[in-house]
Amino acid sequence: MFDDLRDLYQEVILDHGRKPRNFRRLENGTHHARGDNPLCGDKMELWLALDEDGTIADAAFQGRGCAISMASASLMTETVKGKSPALARALGEQFRELAMTGTCPHCQAALEEEMERLTPLSGVHEFPSRVKCATLAWHTLNNALDNQGKEASSE
Amino acid sequence: MDGAVTPGFDVERIRADFPILATEHRGKKLVFLDSGASAQKPTQVIGAMVRTMESAYANVHRGAYHLSETATAAYEAARVACARFLNAPRPEDIIFTSNSTMAMNLVAHSFGRGLMKPGQAVVISEMEHHANLVPWQMLRDGHGTQLRVCRITDAGELDLNHLAELLADGKVGLVAITHMSNVLGSVTPATQIARMAHEAGARVLFDGSQAAVHRRVDVQAIDADFYCFTGHKLYGPTGIGVLYAKAELQRAMPPFLGGGDMIASVTYEKTTWAEPPAKFEAGTPPIIEAVGLHAAIDYVEAIGMPAIEAHERALVDHAMATLPHVEGLTIYGKAQDRGGVFAFALDNAHAHDLSTLLDRAGIAVRAGRHCAEPLHERLGAGSGTCRASFGLYTTKAEIDYLAEALASARRFFA
Ligand SMILES: Cc1ncc(COP(=O)(O)O)c(C=O)c1O
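Chains as they are written, first to last, in the numbering used here: chain B, 1 to 155; chain P, 1001 to 1414.
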C-alpha cells in the first residue's frame, strides 16, 4: 500500500529511527541545548563536547519523536563529530536547503561527502509538514553552539 | 462505499451534498477522518453564503436602507436558529463570537474577572482542550482565582467523586468542563455535573465544541449557565462561534470587547452598554458566517440530530469491533458513553509517521496532541497520537479501509 513512500522512509532512515546512534547523555559535554517541536511533540536534548582546539570531539542526544526527527538527529551527531563549529553550522545551512528543496545547488564541494550521508533525508521536501522534523536537530545544534541554553524551537 | 447505515439515514445521499468528498488527492479518493478538527461543508451552506454575498449583503444594525435591513434580519434569524438548536429559552440568550475559543475567553473575562472574586476557584478536567484551560490559567494569574483540575478515570470518564471533593469547600465559582472530549470521545454527564455545581453554589460552563455536533443538546434540560460551540465543526463556516449564557448572567456581566454596536451612548466621560446580547458583540459581527451557520443548523436538523446520533453510534460500534483487531494498535479511552472520536497509536510507528502513511492512502487523520498536552501526558502518550473523527458522512467502509491501512502501515515499519 505504501511502496511509493520508500523514498521518504529509506532503509537508512528506518534504521537510524529505530536504533539512533549516539543516543545517550554526555557527562563531559561542554555545550548543551534542548529542542522542541511544539506542533507534533518532538523533544530532544543535545550535548556536544568540544576539545581544546575547538573541534567537536563528541556529540550525543536523547529525545522522543518521529522516525524522521530521530534519524536526522542520529545522522547529525555522526556527521558533526570531528568538525569545527563553523563547519558544522555550514553543514546545517546546506542541510536545511536540501530538506526544503530536495537539492543543494549551493553546496560546497568540500562538504560533498558529509552531504551524501544526509541525502537520504532529502525526501522530506515533498512533505512540507515534515520538513521541521528533519531540521529540528540542526536548529538545536546551532543553539548548543551558541550555548545560550535556551530551547530551540522548529517554529 | 456502503449504503444506508441506519434505516432512514441515507449516507450516500448525504455524501453527495459535500463536494469535497468527490475530490481526489494524489490520485486517491479522499477519506476524511478529521471532522473533529473541522468538518466539511455541504452545498446548502456554501450556497447560502454565496447568495448572501451576491444579493443580500450589507453591514447589520447600522443602515436604515433596505439591504442593511435584509442582512440584519438574516443575522438575527441565525440567532433564532441557534436558540432553537440548543433549546435556549430566548434568541437573545445567544451571543455570537468568532469560535469556541473566543466564547470561553469571553466567559473568563466577563464572568471570571467581572463577577468572580480572587480566591474563588474554577474547576476544569484532565481532558480539556487548551481553549478551556489556558483562559482559566490566565484568569488565575491575572485575577487571583484558583485553578482546580478534576481527574478522569483510566477509562477516560470524568471522576465524579473527585469533582465532589473539589466542590466541597464551597469556594468554586465556576465548573468549566467539556461535554465531549476531542481526544477520548468521552461524553460527560452534563445534567449531573450541572446539578453538582449548582448545589455547591457554582456556575457551570460546557464546552460543546464536539458534543453539539453529535448530539441533541438541550441547555434548559442540562440547566447549563454557559454552553458554547463552534460553527466550523458543525458543517458551517469558520469565523463564527456561539455562546449561550443565561439572561441573568448576561445582565450582570460587564462586556468583553469594546467598540461599535455594543454601546447605548458614548461620551468622552462615560459610555453605557447596549442591552445583551449586543453588549457582548463589539464590532461588525460575522454576518455571512451567521447565514452559513444557520444553513448548517437547518441542514442537520432536516436530517435530525437523533438520526445523526444513531448513525454515529453505529460507526462507533463498528470501529470498536474493527480497530482492536489491528495488531499493535492502542485505542485511548473506553468511556461507556462515547462519540465518534478515536485517538490511537501503533506500537512501531510514531503518530507523525503514521499520519504521513495514512495520508498516502488518502486518509486524513490528525496527528499530534490535539490541543490537549496535559491529557496526553496523563495517557502516557506524550509524543502524540493519531486521531480519527467521524462526521455524518463517514461510512463503515471508510473505517474498514482505515483498519486495513493501519495493518499495512505496521508492516511497513516492521
Ligand atoms: C473540545 C474542543 N474545545 C474547543 C475547541 C476550539 O474550537 P475553536 O478552535 O473553533 O475555537 C475544539 C476544537 O479545536 C475542541 O475540540
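Treat the hints with care, as some may be off.
Straight-line alpha carbon distances no greater than 20 Å define the calculated EDC-like cross-link-like pairs of lysine to aspartate or glutamate that follow [as the list claims (entries may be wrong)]:
#1 K1028(P) x E27(B)
#2 K1028(P) x D7(B)
#3 K1396(P) x D1017(P)
To give an idea of the interface, some chain B residues facing chain P are shown, with a C-beta separation under 8 Å as derived from the structure [what the hints assert, rightly or not]:
#4 L14
#5 C66
#6 C133
It is worth saying that the hints were derived from the structure and are not from the lab.
All values reported here derive from a predicted model rather than from experimental measurement.
Ideal Cβ positions, reconstructed from N, Cα and C, are used throughout, including at glycine.
Sort out which numbered hints this structure fails and list those numbers smallest first.
Result: hint 1 breaks, nothing else.
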